Amino acid sequence: MSNAQPAVVTKSAYLTLHYRLASLDGTDIVTTFSGNPATLMLGQGQLAPVLEELLIGMPEGTHKTFDLEPGVGFGPRNPELVREVTRATLDDNSVPGADYKVGDLVDFAAPGGGRFAGILRELGEETCLFDFNHPLAGQPLKFEVKLISVL
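Residue 116 in full-length UniProt numbering sits at position 116 of the sequence shown; the count goes up by one each step and never skips.
These aren't lab readings, by the way, just hints derived from the structure by calculation.
Only a predicted model underlies this, so the values are computations on that prediction, with no experimental measurement involved.
It cannot be assumed that every hint is accurate.
What the hints assert, rightly or not - With a cut-off of at most 25 Å between alpha-carbon atoms, the simulated PhoX-like pairs for lysine-lysine come out as follows:
no.	residue 1	residue 2
1	Lys142	Lys11
2	Lys64	Lys11
3	Lys64	Lys146
4	Lys146	Lys11
5	Lys64	Lys142
Turn these sequences into a full structure, and let the hints steer you where they fit.
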(Lines of atoms letter the chains of each structure in order from A and count residues from 1; the text may use other names and numbers.)
(Lines give C-alpha, C1' and ligand atoms only; values in the text may rest on other atoms or scores of the structure.)
Protein backbone atom coordinates (compact mmCIF):
# COMPACT_ATOMS: atom_id res chain seq x y z
CA MET A 1 0.00 0.00 0.00
CA SER A 2 1.44 3.36 -1.06
CA ASN A 3 1.35 6.58 0.92
CA ALA A 4 2.23 8.63 -2.15
CA GLN A 5 0.29 11.88 -2.42
CA PRO A 6 -1.46 12.65 -5.71
CA ALA A 7 0.26 15.12 -8.02
CA VAL A 8 -0.94 18.72 -7.61
CA VAL A 9 -1.51 21.32 -10.36
CA THR A 10 1.23 23.95 -10.60
CA LYS A 11 1.46 27.05 -12.83
CA SER A 12 3.36 25.08 -15.50
CA ALA A 13 1.69 21.69 -15.09
CA TYR A 14 0.88 19.43 -18.02
CA LEU A 15 -2.71 18.18 -17.55
CA THR A 16 -5.11 15.65 -18.93
CA LEU A 17 -8.63 16.56 -17.92
CA HIS A 18 -12.25 16.73 -18.81
CA TYR A 19 -13.76 20.18 -18.57
CA ARG A 20 -17.04 21.91 -19.24
CA LEU A 21 -17.91 25.56 -19.50
CA ALA A 22 -21.65 26.20 -19.30
CA SER A 23 -24.17 28.95 -18.75
CA LEU A 24 -25.80 29.00 -15.32
CA ASP A 25 -28.88 27.24 -16.72
CA GLY A 26 -26.60 24.30 -17.60
CA THR A 27 -26.37 24.85 -21.36
CA ASP A 28 -22.95 23.64 -22.52
CA ILE A 29 -20.72 26.18 -24.21
CA VAL A 30 -17.82 23.74 -24.53
CA THR A 31 -17.36 20.28 -23.04
CA THR A 32 -14.98 17.36 -23.34
CA PHE A 33 -17.01 15.05 -21.07
CA SER A 34 -18.78 13.39 -24.00
CA GLY A 35 -15.53 12.62 -25.87
CA ASN A 36 -11.79 12.51 -25.43
CA PRO A 37 -10.25 14.44 -22.54
CA ALA A 38 -8.18 17.55 -23.22
CA THR A 39 -4.43 17.62 -22.76
CA LEU A 40 -2.87 21.01 -22.14
CA MET A 41 -0.04 22.85 -20.48
CA LEU A 42 -0.92 25.66 -18.09
CA GLY A 43 0.48 29.09 -18.83
CA GLN A 44 0.22 28.65 -22.61
CA GLY A 45 -3.13 30.41 -23.10
CA GLN A 46 -5.10 27.26 -23.83
CA LEU A 47 -7.54 28.13 -21.04
CA ALA A 48 -8.60 31.58 -19.86
CA PRO A 49 -6.20 32.77 -17.10
CA VAL A 50 -8.93 32.83 -14.44
CA LEU A 51 -9.83 29.20 -15.26
CA GLU A 52 -6.18 28.15 -15.02
CA GLU A 53 -5.91 29.92 -11.66
CA LEU A 54 -8.81 27.86 -10.31
CA LEU A 55 -6.86 24.68 -11.09
CA ILE A 56 -3.67 25.68 -9.22
CA GLY A 57 -3.18 23.49 -6.15
CA MET A 58 -5.87 21.00 -7.17
CA PRO A 59 -4.83 17.35 -6.66
CA GLU A 60 -4.99 14.80 -9.45
CA GLY A 61 -8.33 12.95 -9.47
CA THR A 62 -10.36 15.97 -8.31
CA HIS A 63 -13.80 16.53 -9.86
CA LYS A 64 -15.16 19.98 -9.04
CA THR A 65 -17.59 22.60 -10.34
CA PHE A 66 -17.08 26.35 -9.92
CA ASP A 67 -19.78 29.00 -10.24
CA LEU A 68 -18.22 32.14 -11.74
CA GLU A 69 -19.83 35.51 -11.06
CA PRO A 70 -20.72 37.72 -14.05
CA GLY A 71 -17.57 39.05 -15.70
CA VAL A 72 -15.13 36.82 -13.81
CA GLY A 73 -14.46 34.22 -16.51
CA PHE A 74 -13.94 36.51 -19.51
CA GLY A 75 -13.98 39.97 -17.98
CA PRO A 76 -16.74 42.54 -17.74
CA ARG A 77 -18.52 43.88 -20.81
CA ASN A 78 -16.90 47.10 -21.99
CA PRO A 79 -19.33 49.46 -23.75
CA GLU A 80 -16.37 51.13 -25.49
CA LEU A 81 -15.82 47.88 -27.41
CA VAL A 82 -19.16 48.30 -29.20
CA ARG A 83 -18.02 50.34 -32.19
CA GLU A 84 -19.15 51.55 -35.56
CA VAL A 85 -17.07 50.34 -38.50
CA THR A 86 -17.42 51.69 -42.00
CA ARG A 87 -18.87 49.39 -44.61
CA ALA A 88 -15.60 49.89 -46.57
CA THR A 89 -13.61 48.47 -43.61
CA LEU A 90 -15.97 45.50 -43.43
CA ASP A 91 -15.62 44.93 -47.19
CA ASP A 92 -11.81 45.19 -46.95
CA ASN A 93 -11.85 42.41 -44.32
CA SER A 94 -14.37 40.20 -46.10
CA VAL A 95 -14.08 37.21 -48.29
CA PRO A 96 -15.21 38.43 -51.74
CA GLY A 97 -18.96 37.95 -52.01
CA ALA A 98 -19.42 37.40 -48.25
CA ASP A 99 -23.02 37.76 -47.17
CA TYR A 100 -22.85 38.87 -43.52
CA LYS A 101 -25.86 38.75 -41.25
CA VAL A 102 -26.47 40.24 -37.81
CA GLY A 103 -24.92 37.87 -35.28
CA ASP A 104 -22.00 36.80 -37.50
CA LEU A 105 -18.48 36.78 -36.07
CA VAL A 106 -16.16 38.76 -38.38
CA ASP A 107 -12.37 38.55 -38.28
CA PHE A 108 -10.43 41.80 -38.81
CA ALA A 109 -6.77 42.55 -39.46
CA ALA A 110 -5.21 44.60 -36.65
CA PRO A 111 -2.41 47.13 -37.07
CA GLY A 112 0.91 45.32 -36.80
CA GLY A 113 -0.35 42.07 -38.30
CA GLY A 114 -2.57 40.75 -35.51
CA ARG A 115 -6.19 39.66 -35.79
CA PHE A 116 -9.30 40.46 -33.78
CA ALA A 117 -12.94 39.54 -34.12
CA GLY A 118 -16.27 41.22 -33.51
CA ILE A 119 -19.91 40.22 -33.61
CA LEU A 120 -21.98 42.11 -36.16
CA ARG A 121 -24.87 43.82 -34.33
CA GLU A 122 -26.22 46.15 -37.06
CA LEU A 123 -25.58 46.12 -40.80
CA GLY A 124 -26.12 49.45 -42.56
CA GLU A 125 -25.36 50.83 -46.01
CA GLU A 126 -22.54 53.14 -44.78
CA THR A 127 -21.66 51.82 -41.33
CA CYS A 128 -21.96 48.65 -39.29
CA LEU A 129 -22.08 48.19 -35.53
CA PHE A 130 -19.74 45.59 -34.04
CA ASP A 131 -19.31 44.26 -30.54
CA PHE A 132 -15.64 43.47 -29.94
CA ASN A 133 -16.20 42.15 -26.40
CA HIS A 134 -15.53 38.47 -25.84
CA PRO A 135 -18.88 36.70 -26.44
CA LEU A 136 -18.85 35.44 -22.82
CA ALA A 137 -17.78 38.76 -21.25
CA GLY A 138 -20.03 39.82 -18.40
CA GLN A 139 -21.80 36.46 -18.16
CA PRO A 140 -22.04 34.19 -15.13
CA LEU A 141 -20.64 30.74 -15.94
CA LYS A 142 -20.17 27.24 -14.57
CA PHE A 143 -16.73 25.64 -14.94
CA GLU A 144 -16.59 21.91 -14.25
CA VAL A 145 -13.29 20.04 -14.23
CA LYS A 146 -12.22 16.43 -13.66
CA LEU A 147 -8.43 16.10 -13.39
CA ILE A 148 -7.31 12.80 -14.86
CA SER A 149 -3.55 13.29 -14.63
CA VAL A 150 -1.06 15.97 -13.61
CA LEU A 151 2.59 15.99 -14.70
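Violated hints, by number in ascending order, as checked against the structure | none
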